[in-house]
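In case you want the letters, here they are:
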Amino acid sequence: MLSRVAESVFWMNRYIERAENYARFIDVNHQLSLDLNEDFPNQWMPLVYTTGDAEVFEKKYESPTPASVIQFMTFDDENPSSIYNCVQRARENARSIRENISTPMWEVLNEFYLFIKDYRKQYLENPESRGEGLSLGLSEFLSYVRKSCQTFYGTSDSTISHDEVWSFSLLGRFLERADKTTRILDMKYFILLPSIQDVGSTLDLLQWMSLLKSTSAHEMYNRKYKKVHPIEIAEFLILDPAFPRSIVFCLHEIEESLEKVSGNKEGLPRNLAQDAVTTYLNRLRSENVHSIFDKGLHEYLDDIQIELNRIGAKILERFFKS
Amino acid sequence: MFIADYDTKNGYDEMFSHEGSARKSYHFLKSKMESLGGIELIKRSSSAEKALLSLGITFTLYGDGEQQERIMPFDVIPRIVPNEEWEKMEKGLKQRILALNLFLQDIYNEQKIVKDGIIPREIIESSTGYLKECIGLKPPQGIWIHITGTDLVRDGEGTFHVLEDNLRCPSGVSYVLENREVMKRTFPELFDKLNIRQVYDYPYRLRSTLENLTYESNPVIAVWTPGVYNSAYYEHSFLAQKMGVYLVEGSDLLVENDIVYMKTTKGLKKIDVIYRRIDDTFMDPDTFRADSLLGVKGIFQAFKKGNVALANAPGTGIADDKVIYSFVPQIIKYYLGEEAIIPNVPTYLCSIEKDLKYVLENIHNLVVKPANGAGGYGMIIGPKASKQEQEDFKKLILEDARNYIAQPVLNLSTVPTLIADKIEARHVDLRPFILFGKEVYVMPGGLTRVALRKGSLVVNSSQGGGSKDTWVLG
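Quick note, the sequences are listed as chains D and A, same order. Here full-length UniProt numbering is used: the first residue of the first sequence is 1, the next is one more, and so on. Here full-length UniProt numbering is used: the first residue of the second sequence is 1, the next is one more, and so on.
Some hints could be false.
List of simulated lysine-lysine pairs, BS3-like, C-alpha gap at most 27 angstroms [what the hints assert, rightly or not]:
1) A/K454 x A/K438
2) D/K121 x A/K50
3) A/K184 x A/K242
4) D/K314 x A/K263
5) D/K260 x A/K266
6) D/K321 x A/K354
7) A/K297 x A/K354
8) D/K121 x D/K59
9) A/K454 x A/K43
10) A/K242 x A/K263
11) D/K260 x A/K263
12) A/K305 x A/K438
13) D/K260 x A/K270
14) D/K117 x D/K60
15) A/K184 x A/K50
16) A/K266 x A/K242
17) D/K117 x A/K50
18) A/K454 x A/K32
19) D/K321 x A/K112
20) D/K117 x A/K297
21) A/K263 x A/K297
22) A/K263 x A/K30
23) D/K314 x A/K270
24) A/K297 x A/K138
25) A/K394 x A/K270
26) A/K184 x D/K321
27) A/K50 x D/K147
28) A/K30 x A/K9
29) D/K314 x A/K269
30) A/K132 x A/K297
31) A/K132 x A/K115
32) A/K266 x D/K321
33) A/K269 x D/K260
34) D/K321 x A/K115
35) D/K224 x D/K147
36) A/K112 x A/K304
37) D/K314 x A/K266
38) A/K30 x A/K454
Simulated from the structure, these hints should not be mistaken for lab results. Since the structure is predicted, the reported quantities are computational estimates derived from the model, not experimental observations.
Work out the full structure, taking the sequences as your base and the hints as a guide.
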């Protein structure tokens, strides 16, 4: 497989995964804001902090109103990670490797892009009709985005050979997903509670619940745990071996995909990307959630992100730069 | 029904005779269209367009500093070529390809045709497509032009002429194949009734044409594209996908010890055959244009050593030269001892004094084109140009007479075309695709390009032209 193609497959999947995550973040935050009354602090800026794009946001928008944050995260072409930009880039990557993916995959992505392009145009041209950006249309739009991403995954799964192209798809998808799970957990760090007495309050739990929903994890979580509890939520999202958005699960998928694309059978030297993933995965598996909280969740999540970036750099070095 | 108002008085119409009756090969289509009615036709047309859009069958247009992706406008009323006419055309095209191939082999080797005085040496040597680097080349199997798209037009009397030969990187075959797929979905009932000759096997034939160039039993084949911003990028990726071969850009390739490799996730991998969709002079900055960013250093040397096969072979551009084109009847006669089956359009060479005088005096009646132009750029259609434009163009001609040829304005044939909610006559040409492998294969049909503007004779997609499916009935 051409190195250029491998890189494009990788990014195509990262962008789709990112778009899907953004759609969920916005939707859950929207739902959460409906549950809160006016006395509570604005819940929209943490979303921007979470995605790591606060600097771009603050340059362009005066304040984090619902409308401005939503516009920034969905349609802003100056935000490199807006849903619009992600889908556009995913489609450009797909176009440049069209011969490596199936026509059904391309159709899903192309129609997805055409839809967003039209929707964005209408949205930007009719500021009055969208009010505070919290219209019914928004929920429908976000649900369309989520479904299109999932259709893309499903179509990929069932229409292309599970060979190298597929393995690089998974690499991109799970690396991005792991990163987004750390960010969503970290969101709780940025959402301020009115006072220290509110720790463990209904509001606190409501916020934790919304994090679970942002990762579409609340139902699976409920199956395993009896009630909403911050420590258990963190445990679930970081260490659960079976939940497809937990860090451990994602890293395991990365480890397996790397094994496939490396083509190294027993006895042959492993590459640095493989070493980085395995070492880190073993370390994570030996942790428990209490040791994580002892270090501080926010600091711990920072560490995970650094490790994920390191793994990403090693993949780039080994496979894309030849 | 709305076809009743159709004007058939203007020149040669593919579907209707002057008297307004449908030609034999169109009888079934006409009655089907009448029974469907206008509203249904428009409905099917718009669903065909939607399908093309969602498949992303687009080309890229430049202009206003921004590139735009467009679908090629597609007209649902097919053009039908009767079988007996097609058989003659097929023979004529085979003859032409064989002769042109012999010409290329000769011109880069013995140059007998020059020595025998058929074509003046200065015409060959002044052609921008003539690459002295190719002198002495003998490509695998003696084949230079593996893929050709020849443009044919009918004149006002209905006679087919060759308008030009495209022997470098002719585009459009992907539209032929995609249009056909869309048409099958749009008019399944027509496909049930008419015995339309198939085109779907073109990619397989192309692949075996490429395999024919190497002795490797399991060759590595690639389509070489200038990249995603090239106007024909869609086609490059389409062909690679349908053939199941690699699609590469210059930056994916590397030459070491005269062997061409591509950069893969598992290291370097040797390539045996390349279908290149990049112009000769951009191919190799070591040999041709040093400023080419798309090319690969050393690839020409690898080709000369026989370590990689290139289709089409470098140097074929000489036969794209419209001055050389005017000699093709003599070329056929010289190498094959036959008369040309499909005539050329009468052509005046501005480098010949007598012709030049005629062109300057009659520019208002002529089409003047650059000898090495493509895409409908840099030409003038005399009758449609203002006095001033004509004068300006005359200056251009006088500055570089070798570079211009002139032809009478042909009243290209028309085909009924759906324009908004009416059916109107629009001018068309036809580009069949020809493969030269173990034998010469002519795809039955080809790309019918339509000038969508009323009265316009310019069919190029870069100038807003559209396309139609072309049916050869078996």
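Each hint tested on the structure:
1. At roughly 43 angstroms between alpha-carbon atoms, A/K454 and A/K438 are farther apart than 27 angstroms, so this suggested pair is violated.
2. With a C-alpha separation of about 19 angstroms, the suggested pairing of D/K121 with A/K50 holds against the 27 angstroms cut-off.
3. Restraint check for A/K184 and A/K242: satisfied, since their Cα atoms lie roughly 19 angstroms apart, inside the 27 angstroms limit.
4. The straight-line distance between the Cα atoms of D/K314 and A/K263 is roughly 18 angstroms, inside the 27 angstroms bound, and the hint therefore holds.
5. Annotation: proposed proximity of D/K260 to A/K266 holds, straight-line Cα distance about 12 angstroms (limit 27 angstroms).
6. Proposed proximity of D/K321 and A/K354 is contradicted: the alpha carbons are some 61 angstroms apart, above 27 angstroms.
7. Between A/K297 and A/K354 the alpha-carbon distance is near 45 angstroms, which puts this suggested pair outside the 27 angstroms criterion.
8. For the hint linking D/K121 to D/K59, the alpha-carbon distance of about 23 angstroms falls within 27 angstroms, and the restraint holds.
9. With a CA separation close to 23 angstroms, the supplied pair A/K454 and A/K43 stays within the 27 angstroms bound.
10. Pair hint A/K242 plus A/K263 holds up; C-alpha atoms about 22 angstroms apart against a cutoff of 27 angstroms.
11. A hinted pair counts as satisfied when its Cα atoms are at most 27 angstroms apart, and D/K260 with A/K263 qualifies at roughly 19 angstroms.
12. Annotation: proposed proximity of A/K305 to A/K438 holds, straight-line Cα distance about 22 angstroms (limit 27 angstroms).
13. Between D/K260 and A/K270 the alpha-carbon distance is near 22 angstroms, which keeps this suggested pair within the 27 angstroms criterion.
14. With a C-alpha separation of about 22 angstroms, the suggested pair D/K117 and D/K60 falls inside the 27 angstroms cut-off, and the hint holds.
15. As the CA atoms of A/K184 and A/K50 are separated by approximately 15 angstroms, the hinted pair is consistent with the 27 angstroms bound.
16. Restraint check for A/K266 and A/K242: the C-alpha separation of about 24 angstroms stays at or below 27 angstroms, so the hint holds.
17. Of the supplied pair hints, the one linking D/K117 and A/K50 holds, its CA atoms being roughly 16 angstroms apart against a limit of 27 angstroms.
18. Between A/K454 and A/K32 the CA atoms are separated by roughly 25 angstroms; this keeps the pair inside 27 angstroms, and the hint holds.
19. Proximity of D/K321 to A/K112 is assessed by CA-CA distance (about 50 angstroms); at most 27 angstroms being required, the pair is judged violated.
20. At roughly 40 angstroms between alpha-carbon atoms, D/K117 and A/K297 are farther apart than 27 angstroms, so this suggested pair is violated.
21. The straight-line distance between the Cα atoms of A/K263 and A/K297 is roughly 15 angstroms, inside the 27 angstroms bound, and the hint therefore holds.
22. Annotation: proposed proximity of A/K263 to A/K30 is violated, straight-line Cα distance about 54 angstroms (limit 27 angstroms).
23. Among the hinted pairs, D/K314 with A/K270 is consistent with the structure: their alpha-carbon atoms are about 26 angstroms apart, no more than 27 angstroms.
24. Between the alpha carbons of A/K297 and A/K138 the distance comes to roughly 21 angstroms, so the proposed pair stays at or under 27 angstroms and holds.
25. A C-alpha spacing of about 51 angstroms is found between A/K394 and A/K270, which places the hinted pair above 27 angstroms, so the restraint is violated.
26. A C-alpha spacing of about 44 angstroms is found between A/K184 and D/K321, which places the hinted pair above 27 angstroms, so the restraint is violated.
27. Between A/K50 and D/K147 the CA atoms are separated by roughly 21 angstroms; this keeps the pair inside 27 angstroms, and the hint holds.
28. At most 27 angstroms may separate the alpha-carbon atoms for a hinted pair to count; A/K30 and A/K9 meet this at roughly 18 angstroms.
29. For the hint pairing D/K314 with A/K269, the CA-to-CA distance comes to about 22 angstroms; that is within 27 angstroms, so the pair holds.
30. A threshold of 27 angstroms between alpha carbons decides the hint, and for A/K132 with A/K297 the separation of about 18 angstroms falls inside it, so the pair holds.
31. At roughly 17 angstroms between alpha-carbon atoms, A/K132 and A/K115 fall within 27 angstroms of each other, so this suggested pair holds.
32. The straight-line distance between the Cα atoms of A/K266 and D/K321 is roughly 11 angstroms, inside the 27 angstroms bound, and the hint therefore holds.
33. A threshold of 27 angstroms between alpha carbons decides the hint, and for A/K269 with D/K260 the separation of about 19 angstroms falls inside it, so the pair holds.
34. Annotation: proposed proximity of D/K321 to A/K115 is violated, straight-line Cα distance about 53 angstroms (limit 27 angstroms).
35. About 26 angstroms separates the Cα atoms of D/K224 and D/K147, which keeps this hinted pair within 27 angstroms; it holds.
36. Straight-line distance between C-alpha atoms of A/K112 and A/K304 comes to about 22 angstroms, which keeps the hinted pair within the 27 angstroms bound.
37. Note on D/K314 and A/K266: the hinted pairing holds, with a Cα-Cα distance of about 15 angstroms set against a maximum of 27 angstroms.
38. For the hint pairing A/K30 with A/K454, the CA-to-CA distance comes to about 22 angstroms; that is within 27 angstroms, so the pair holds.
The structure shown violates the earlier hints numbered 1, 6, 7, 19, 20, 22, 25, 26 and 34.
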